[in-house]
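With chain Z fixed as given, assemble chain G onto it according to the hints.
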Amino acid sequence: MKRRWWTLAHLEETFFRLLMRISALVLVLALAGILLAVLIRGLPAMNLDMITKVPEGGFYLGGGGGLLNAILGSLYLAGGGTILAFLISLPIAMGLNVYAPSSRWAAFTRMTLDVLWGIPSLVYGAFIFLIMISMGMRASLGAGILALTLLQIPIMVRAMDEVMRLIPGGLKEAAYGLGATRLEMARAVVLRQALPGIFTAVLLAFGRGIGDAASVLFTAGFTDRIPTSLASPAASLPLAVFFQLSSPFPEVRARGYAAALILTVLILIVSGLSRAVARRLSRNVVN
Amino acid sequence: MDSHISIKDLNVYYGDNHALKSVNLDIPRNQITAIIGPSGCGKSTLLKTLNRFHDLVDDTRVEGEVRFDDIDIYAPDVDVTEVRTKIGLIAQRPYLLPMSIFDNVAFGLRIHHITNRREVKGQVEKYLQLAGLWDEVKDRLHEPATSLSIGQQQRLCLARGLAVEPEVLLGDEPTSALDPISAKNIEVSLQQLKSQYTIVIVTHVLRQARRLADHVVFMYLGELVEAGPASKVLKSPKDPRTKAYLSGEM
Chain Z
1 MKRRWWTLAH
11 LEETFFRLLM
21 RISALVLVLA
31 LAGILLAVLI
41 RGLPAMNLDM
51 ITKVPEGGFY
61 LGGGGGLLNA
71 ILGSLYLAGG
81 GTILAFLISL
91 PIAMGLNVYA
101 PSSRWAAFTR
111 MTLDVLWGIP
121 SLVYGAFIFL
131 IMISMGMRAS
141 LGAGILALTL
151 LQIPIMVRAM
161 DEVMRLIPGG
171 LKEAAYGLGA
181 TRLEMARAVV
191 LRQALPGIFT
201 AVLLAFGRGI
211 GDAASVLFTA
221 GFTDRIPTSL
231 ASPAASLPLA
241 VFFQLSSPFP
251 EVRARGYAAA
261 LILTVLILIV
271 SGLSRAVARR
281 LSRNVVN
Chain G
1 MDSHISIKDL
11 NVYYGDNHAL
21 KSVNLDIPRN
31 QITAIIGPSG
41 CGKSTLLKTL
51 NRFHDLVDDT
61 RVEGEVRFDD
71 IDIYAPDVDV
81 TEVRTKIGLI
91 AQRPYLLPMS
101 IFDNVAFGLR
111 IHHITNRREV
121 KGQVEKYLQL
131 AGLWDEVKDR
141 LHEPATSLSI
151 GQQQRLCLAR
161 GLAVEPEVLL
171 GDEPTSALDP
181 ISAKNIEVSL
191 QQLKSQYTIV
201 IVTHVLRQAR
211 RLADHVVFMY
221 LGELVEAGPA
231 SKVLKSPKDP
241 RTKAYLSGEM
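Chains as they are written, first to last, in my numbering: chain Z, 1 to 287; chain G, 1 to 250.
So here's chain Z without its partners, still in its complex pose (with noise of 0.2 Å):
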């Protein structure tokens, strides 16, 4: 019964331990390197006047002011794509559970989803300012709200689907038993049981718009003012980074890295926040 560290199992064993812990901390210096860059680079350019104000003139040469119109342009457009998304994909994700479990209709909705979710962001800009030139539209908040919006739902939707189909059929049943409807089983046990799961695909599309520079490169355009109507230009964190960083002088440069700051912290806030929400939301949740 002696434990022989040179048989195959053993070493096999040994091998894929030591590999999963080498991927897991390549994973975490990763993260851990990205934080440090934009620390290290961003902080000494950060003061109250970039989260307060918008930027003054002479700003993009080293000029005052802040970055107040990027950080609140993207909250609306990443704010607007989110529940415009999230009111179009609860109900297909519903669909797709409910109405279609296994159907060929529901396997070809899921396919298409999966080509979407893989075409490229930037040309979900293009396909939508296409149709602003059609209309003699100018680039808007409102025209980059409905570009993140195309590119927010296939990662709602599917992220809502995975955690929709795996409700075990008996919970379903034990509604139909009660001589449920379908609508009545869908809210009383997929939109329940799903509700943790359907709180963080909101979050992890909220997280993919608001980090997405290309498609609101043409739609939502770029500006120094705050939005003040769907109509108007609106500025973002991550074209905010891609103009700064590309200047020839340092402290703008600096500034860059300070927008890329705040976009971490951003989105570091709101994933702390899906988890403690998450976690909240699952109390009811059977396993």
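Do not rely on the hints blindly, as some may be mistaken.
[As the list claims (entries may be wrong)] Label-pair restraints from in silico Cβ distances:
hint, chain 1, residue 1, chain 2, residue 2, range
1, Z, S282, G, R118, 24 to 34 Å
2, Z, T112, G, K138, 46 to 56 Å
3, Z, R110, G, L56, 18 to 28 Å
4, G, K126, Z, R279, 29 to 39 Å
5, Z, G169, G, S147, 15 to 25 Å
6, G, G228, Z, R279, 27 to 37 Å
[Said to hold, decoys possible] To spell it out: a stretch of chain G is covered by chain Z in this simulated footprint if at least three of its residues, at any positions, have a beta carbon under 8 Å from a beta carbon of chain Z; those stretches are:
hint, stretch
7, 44 to 58
8, 144 to 158
It is worth saying that the hints were derived from the structure and are not from the lab.
It should be emphasised that the depicted structure is a prediction, and the values quoted were computed from it without experimental measurement.
The beta-carbon is built from N, C-alpha and C at its ideal position, and this holds for glycine as well.
Structure of chain G alone, referenced to chain Z:
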């Protein structure tokens, strides 16, 4: 015999698989009918025809007649949700709705349009008592139902099923996932309930059939082999296949 459900020439197909072959059966009112037989013989299939659960699975075909009192529940103008309200099912293992203990029972009431708070409260208490669970949960009604032990969960499912006021209770091996004491609790409840309900259970435990059943149905390979009063079928079976099963040779 006063039959509550009457099955005529019933066939069920799963795709190409002929799972239930020309079954004819009368289920007596206010008695416990036990369906027995080896695994894969069609016991559960037969049970699930009684509340139209096969509707939920694609590629399943049911042919024949299931008369509940005088209504053929497979007639095209029949409302399936009403069938499932009148004919309730207790599953093999407790599947709780993802909500509190109270809401698990109240859900059925609410979907059947009992929304008055006081009435809901009263009914929830009544059915939890009927299922023998009230004393154990009365101080924690709003905790998640998942906090209950599995035996309590199954009694909660029973209370939930009773609350929609069915006339028939189906049990698909309702005690097979439970420990002996919890199983006994369920059995006691079923005994008490049969004066008000017609009960049909599927069981693979012969002793349970002996303890509970007034009426026994023996199935084998999708066919109904023998059905009749428990005393007859269990003590002096006519068919050699029933004999073989009861003596443990099958």
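Hints and how they fare:
no.: 1; hint: S282/Z / R118/G: 24 to 34 Å; in the structure: 31 Å, holds
no.: 2; hint: T112/Z / K138/G: 46 to 56 Å; in the structure: 51 Å, holds
no.: 3; hint: R110/Z / L56/G: 18 to 28 Å; in the structure: 20 Å, holds
no.: 4; hint: K126/G / R279/Z: 29 to 39 Å; in the structure: 35 Å, holds
no.: 5; hint: G169/Z / S147/G: 15 to 25 Å; in the structure: 23 Å, holds
no.: 6; hint: G228/G / R279/Z: 27 to 37 Å; in the structure: 56 Å, violated
no.: 7; hint: 44 to 58; in the structure: holds (count 4)
no.: 8; hint: 144 to 158; in the structure: holds (count 4)
Violation of the numbered hints given earlier is confined to hint 6; every other hint is satisfied by the structure.
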